[in-house]
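J.: Sequence:
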Amino acid sequence: MRRTRELLALAAATLVAACGVQPTGVVPAGPGPSIRATTGTYVRAGLTLYFVSDGRVIPVTRPTEGFISPEGAITLLLKGPTEREAAQGLTTFVPPEIGRVEVYPGNPTSIVLPFSVRKLSNQAINQLVCTTLAASGDTGRAPVAPGVNVSSPDEKVYFQSCKAE
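So the mapping is simple: the numbering used here equals the position in the sequence shown, first residue as 1, plus 7.
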């Protein structure tokens, strides 16, 4: 009987002690957590392409199924923003008639353009470089170098890092 009284007294004391806690509303703490599968080279949560908004190159993640190579990412970049992305003010400075852009893995990764690099704006080159780096990182063989070599016919190779927001 004594033990029962002690347990009841302990339970009552616990309830009384908890009464001072006041409920609070929702506390903003930023975006929710994201989960990205990391088991295997070909598991993806989305593909990051780089478009232009207010003159700045910014990342845009598109949901994907399966593996998309860096060349595939460049092909999607060449198609430009979707209608929804364009409605949000996104555009591209990479002309769709650019032709085939070849991507070679390595340290650094290399992009070979089918025409003179001088025909592209800095934003267009940056879109290509940033998209290539993002797609190369998604293959599981992320380059150590913080940029890529960009070359075109009859021009020397130059190293370009990603300059995005």
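Be a bit skeptical, because a hint or two may be false.
Beta-carbon label-pair distances, calculated as ranges [stated by the list, open to error]:
{"hint": "1", "residue 1": "Asp161", "residue 2": "Gly53", "range": "20 to 30 Å"}
{"hint": "2", "residue 1": "Phe166", "residue 2": "Glu90", "range": "16 to 26 Å"}
{"hint": "3", "residue 1": "Pro160", "residue 2": "Gly96", "range": "10 to 20 Å"}
{"hint": "4", "residue 1": "Pro103", "residue 2": "Thr71", "range": "15 to 25 Å"}
{"hint": "5", "residue 1": "Gly73", "residue 2": "Tyr165", "range": "18 to 28 Å"}
{"hint": "6", "residue 1": "Pro70", "residue 2": "Val164", "range": "14 to 24 Å"}
{"hint": "7", "residue 1": "Pro121", "residue 2": "Lys170", "range": "19 to 29 Å"}
With a cut-off of at most 20 Å between alpha-carbon atoms, the simulated SDA-like pairs for lysine to any residue come out as follows [claimed, not checked]:
{"hint": "8", "residue 1": "Lys170", "residue 2": "Leu85"}
{"hint": "9", "residue 1": "Lys86", "residue 2": "Val67"}
{"hint": "10", "residue 1": "Lys86", "residue 2": "Gly106"}
{"hint": "11", "residue 1": "Lys86", "residue 2": "Glu109"}
{"hint": "12", "residue 1": "Lys126", "residue 2": "Asp161"}
{"hint": "13", "residue 1": "Lys86", "residue 2": "Val119"}
{"hint": "14", "residue 1": "Lys86", "residue 2": "Asn114"}
{"hint": "15", "residue 1": "Lys86", "residue 2": "Ser60"}
{"hint": "16", "residue 1": "Lys86", "residue 2": "Ala131"}
{"hint": "17", "residue 1": "Lys163", "residue 2": "Leu85"}
Hints listed in this document are in silico derivations from the structure and should not be mistaken for laboratory results.
It should be emphasised that the depicted structure is a prediction, and the values quoted were computed from it without experimental measurement.
Even glycine gets a Cβ: it sits at the ideal position worked out from N, Cα and C.
J.: Starting from Lys86, check that the Cα of Glu109 is at most 20 Å away, please.
T.: 16 Å, holds
J.: Taken at face value, is the distance from the CA of Leu85 to the CA of Lys163 at most 20 Å?
T.: Violated, at about 24 Å.
J.: For the pair we were handed, Lys86 and Val67, check the Cα-Cα distance against 20 Å.
T.: 14 Å, holds
J.: Quick check on a hinted range of 10 to 20 Å for Pro160 and Gly96, using CB atoms only.
T.: 35 Å, violated
J.: Holds or violated: 19 to 29 Å for the Cβ distance of Pro121 and Lys170?
T.: For Lys170 against Pro121, whose Cβ atoms are near 23 Å apart, the range 19 to 29 Å holds.
J.: Given the hinted pair Lys126 and Asp161, is their Cα-Cα distance within 20 Å?
T.: 13 Å, holds
J.: Next pair to validate is Lys86 with Gly106; report whether the Cα-Cα distance is within 20 Å.
T.: 11 Å, holds
J.: Given the hint that Lys86 pairs with Ser60, does the C-alpha gap stay at or below 20 Å?
T.: Since the Cα atoms of Lys86 and Ser60 sit roughly 16 Å apart, the hinted pair holds (cutoff 20 Å).
J.: Compare the distance between the alpha carbons of Lys170 and Leu85 with 20 Å, and conclude whether the hinted pair is satisfied.
T.: 19 Å, holds
J.: Regarding the pair Lys86 and Val119, is the alpha-carbon distance no greater than 20 Å?
T.: Since the Cα atoms of Lys86 and Val119 sit roughly 18 Å apart, the hinted pair holds (cutoff 20 Å).
J.: Against the range 15 to 25 Å, how does the distance between the Cβ atoms of Pro103 and Thr71 compare: consistent or not?
T.: The hinted range 15 to 25 Å holds for Pro103 and Thr71, with Cβ atoms some 20 Å apart.
J.: Need the status of pair Lys86, Asn114: alpha-carbon distance at most 20 Å?
T.: Roughly 28 Å between the alpha carbons, so the hint for Lys86 and Asn114 is violated.
The structure does not agree with the numbered hints 1, 2, 3, 5, 6, 14 and 17 stated previously, though it agrees with the rest.
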